[in-house]
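Participant: Here's the letter readout for the chains.
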Amino acid sequence: MVLLDNREVKKGWSQVKDAVAAMLAKHGAKVISSKLWGERRLCYPIRRNTRGTYLLVYFDSSTGAVNPIRRELELAEFVLRHLVTVCEEVPSVAHEPEVAFDVSTIKEEELAPLPVVEREEVEVGEDVEPEAKAPAEAGSEAAAEGAPAAGEEKAGKRPRAEKPPRGETIDKAPKAEKGERGEMPPKAEKPEKGEKAGKPARAEKPEKAAEKADKPERPAGDKKARKKEKE
Amino acid sequence: MSESTMQGDLGSMRPRRGGKFVRFGARGRKRCEPEEPLDYKNLGYLGKFVSAQGKIQSRKRTGFSGQNQRKLALAIKNARFLALMPYVGRG
Numbered sequence: 001m002v003l004l005d006n007r008e009v010k011k012g013w014s015q016v017k018d019a020v021a022a023m024l025a026k027h028g029a030k031v032i033s034s035k036l037w038g039e040r041r042l043c044y045p046i047r048r049n050t051r052g053t054y055l056l057v058y059f060d061s062s063t064g065a066v067n068p069i070r071r072e073l074e075l076a077e078f079v080l081r082h083l084v085t086v087c088e089e090v091p092s093v094a095h096e097p098e099v100a101f102d103v104s105t106i107k108e109e110e111l112a113p114l115p116v117v118e119r120e121e122v123e124v125g126e127d128v129e130p131e132a133k134a135p136a137e138a139g140s141e142a143a144a145e146g147a148p149a150a151g152e153e154k155a156g157k158r159p160r161a162e163k164p165p166r167g168e169t170i171d172k173a174p175k176a177e178k179g180e181r182g183e184m185p186p187k188a189e190k191p192e193k194g195e196k197a198g199k200p201a202r203a204e205k206p207e208k209a210a211e212k213a214d215k216p217e218r219p220a221g222d223k224k225a226r227k228k229e230k231e
Numbered sequence: 001m002s003e004s005t006m007q008g009d010l011g012s013m014r015p016r017r018g019g020k021f022v023r024f025g026a027r028g029r030k031r032c033e034p035e036e037p038l039d040y041k042n043l044g045y046l047g048k049f050v051s052a053q054g055k056i057q058s059r060k061r062t063g064f065s066g067q068n069q070r071k072l073a074l075a076i077k078n079a080r081f082l083a084l085m086p087y088v089g090r091g
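Those sequence lines, one after another, are chains A and B.
So for the first sequence, the numbering used here puts the first residue at 1; every next one is plus one.
So for the second sequence, the numbering used here puts the first residue at 1; every next one is plus one.
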C-alpha cells in the first residue's frame, strides 16, 4: 500500500502509477496488480496534506529486493507513506479492473501548500553563510596571525607553555617519570628527599628528563638559572 | 481453620461459579473468533476494537485468542501508520 501526494496525482494518475511500478520493476519485482484503493481524508496531516490517494500494489519479489524497494519508496517525494507486508494469497478482487479515477475531483483548496517557506529558508541560508564564513575566516586568520605574534612576544617570557603541544607533553610525561624513577632515585633521593622527589614529579618533560639524566647535579639550580636568563 | 470447617462455610454460602472473583478468570472469559479478516484495510471492523480515545481494546474486552489479538493490534498499528486510523481520538 502506497499513500501518494494528491498534488502529484492531480498531474496524472497513470504517470504516478507507472512511476511506482517502475520502482518495483527496477529491483526485479513482478507486479501482479496495481489498483487505486481510494482517495480519502487522512486521519492526521502528513507533510501538510489532509487528503491522499492510496495505491494498492500486489507484487512478487525475492526477500533481498524488499529493502531496496522500501528505500526507493522512502526517497520518492510523491510518496507520503508506504507499507510492504507479506500477503499469503492474492485476493480475487485484485484482478478485477480498476475503477475509473477522475483526477479532477481533487480540489485545489485541499492540496498541501507549496513549500514557499523552504525556498526562503534556502535563500536566507545562502545569504547568511558567506557572512557567517567571513567573520569565521577573519577570526581564524586573525587567530592564525595573532598566534605566532603572541608566540613571538611571549617567546622570551614563557617558552615552556607554548612550544610543546599538549598531546606530546601528555604522552611523554609518564615516560619521563618512569625514566626518572628508574635512573634518578640513587642520585636524587640521597641529598634532599623532600624537595627533589616532589619537584620532578610535577613538571617532567622528556628533554629535561634527558638533561637531568645527563646532568643530575642540581636540577633545581638549573631551573632557577634558566628563569633568570629569560627574565 | 481446618479443611472441614472451610468446606462447611463454603457450603453454607452456596459457591457461585463465575462470581465476583472469577469473572475475569479463565473460566469466565468470553471467547470470540474474528468475524472478518483482521486486515489493516478492513477499517470498519477494526474500528469496533478501538476506544473513543483511539486505544486498542484489551483481550478481556475483545475475547480474542492471543494470536488473534496480536493480529488485531498489528492491523490497527499498520492502519494508523498509513493515516487510515487515528493514533488518538476518533479521526
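In case anyone wonders, no lab produced these hints; they're calculated from the structure.
Among the hints, erroneous ones may be present.
Unchecked claim - Under the rule of at most 25 Å between Cα atoms (straight-line distance), these lysine to aspartate or glutamate pairs were calculated in the DMTMM-like manner: (1) K77(B) <-> E74(A); (2) K41(B) <-> D102(A); (3) K41(B) <-> E229(A).
Participant: All hints are to be evaluated individually against the structure, with a verdict given for each.
Facilitator: Going down the list of hints, with the structure as the test:
1. K77(B) <-> E74(A): The hint holds at about 19 Å.
2. K41(B) <-> D102(A): The given pair, whose Cα atoms are some 22 Å apart, holds under the 25 Å limit.
3. K41(B) <-> E229(A): violated, 88 Å
Of the numbered hints listed earlier, the single one contradicted by the structure is hint 3.
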